[in-house]
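Quick note, the sequences are listed as chains Z and B, same order. Heads up: the first sequence begins at 10 in the working numbering, then just goes up one per residue. Heads up: the second sequence begins at 1368 in the working numbering, then just goes up one per residue.
The hints are simulated quantities; they were obtained by calculation from the structure and are not laboratory data. Just to be clear, a hint being listed does not mean it is correct.
Some, not all, of what chain Z presents toward chain B, calculated at C-beta under 10 Å [what the hints assert, rightly or not]:
1. MET58
2. CYS72
3. VAL118
4. VAL139
5. ASP142
Ideal Cβ positions, reconstructed from N, Cα and C, are used throughout, including at glycine.
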Amino acid sequence: MRSRIKAIALACTISGVVAGAPAIASGDGERVRISGEVIDTWCYLSGVMGSPDAVVGTSHHTCALWCAAGGIPVGVLAEDGTVYMVLKWEGTDDVTRADTLMTVQSDHVTADGVHHVRDGINYLIVEQVVANDGIINLSHEDFDVVPPFAIPKPKPDPNQ
Amino acid sequence: MKPMLAAAALVVLASPAFAAGEFAQGSEATSWGLLGEEKARFEAVVVDVLCELTGDCPADCGGGGRYLGLRRAADGALVLANKNLQAVFTGAVEELLPYCGKTVEVDGLLVGEPEMTPAKVYQVQRLREPGGEWHKADHWTKAWDESHPELAGVEGRWYRKDPRVMGEIEADGYLGLGLATDAEFIDYLFEE
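Please model the complete structure; the sequences and the hints are all you need to start from.
As structure tokens, then:
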């Protein structure tokens, strides 16, 4: 199982050399096509829940939903390892309360948009998602769920 | 397989000694043992990040829908406010929005390692208007409770009953792979 995740990561890294390359400048930003996974940036950057590999993909999907609903910045982890903070998604600038980003948590996407960098942080205005591969990072095979309480223990069936 | 133990061990090993950063003077921030953590207390203007970058500037910083930042007085740097003081899953927008366009003094943690982010993001733990009283940056759950009065009697923390979260889980499961995969995994996870 672990080898499959590594294979996916390697494929992503290789394709990212092309997919993450900037193209034409747009205003102060730069027009780009980015491929990567939609992530919860707090858990990824802070290490609060575990190692970076454990806080992406399926193992962390529920927590990513919680954090997006809680207004923690959603990011795209590009295939070259760059974290882009998403400021707008296909015309929606309500990134904390609208359902838009909830529906793509943990998905692997390819998006066209505009990239800004300010004081060391990368920001992304997603203009169009050109491909959504769904969730392909099966991290639960290595890490179960992170945090462990993300999936509540089922209540016993009173009829059994 | 005990992957969580391995993951936890990695975090412990990776956690650096608490670093004294450039803005640590006078900080009373609490350490969380996070990656690249530095105490940081500074004055800043609360800004709408999208506005700062593009000039698209609604009067109210987006009214809570946009991520907010702190344009630091000392060096003009735009610091992304990522997290509030509450334990888990809650961001900083709710805490900073009342101060949109105003100067505040914040105290908290700059977080992140250079291998993962060229600049650290910020966890605001407390804030005040200059010279005013400090207050904790812990209003998110109260605001959630006020906006979901119909769920006041439902048992559980907000994230166990938030309609948006529950809608996603009911549709695609806890792993996001669909309910059938979820059912198999839950059987494995809780097998006696």
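Violated hints - listed by number, lowest first: 3, 4, 5
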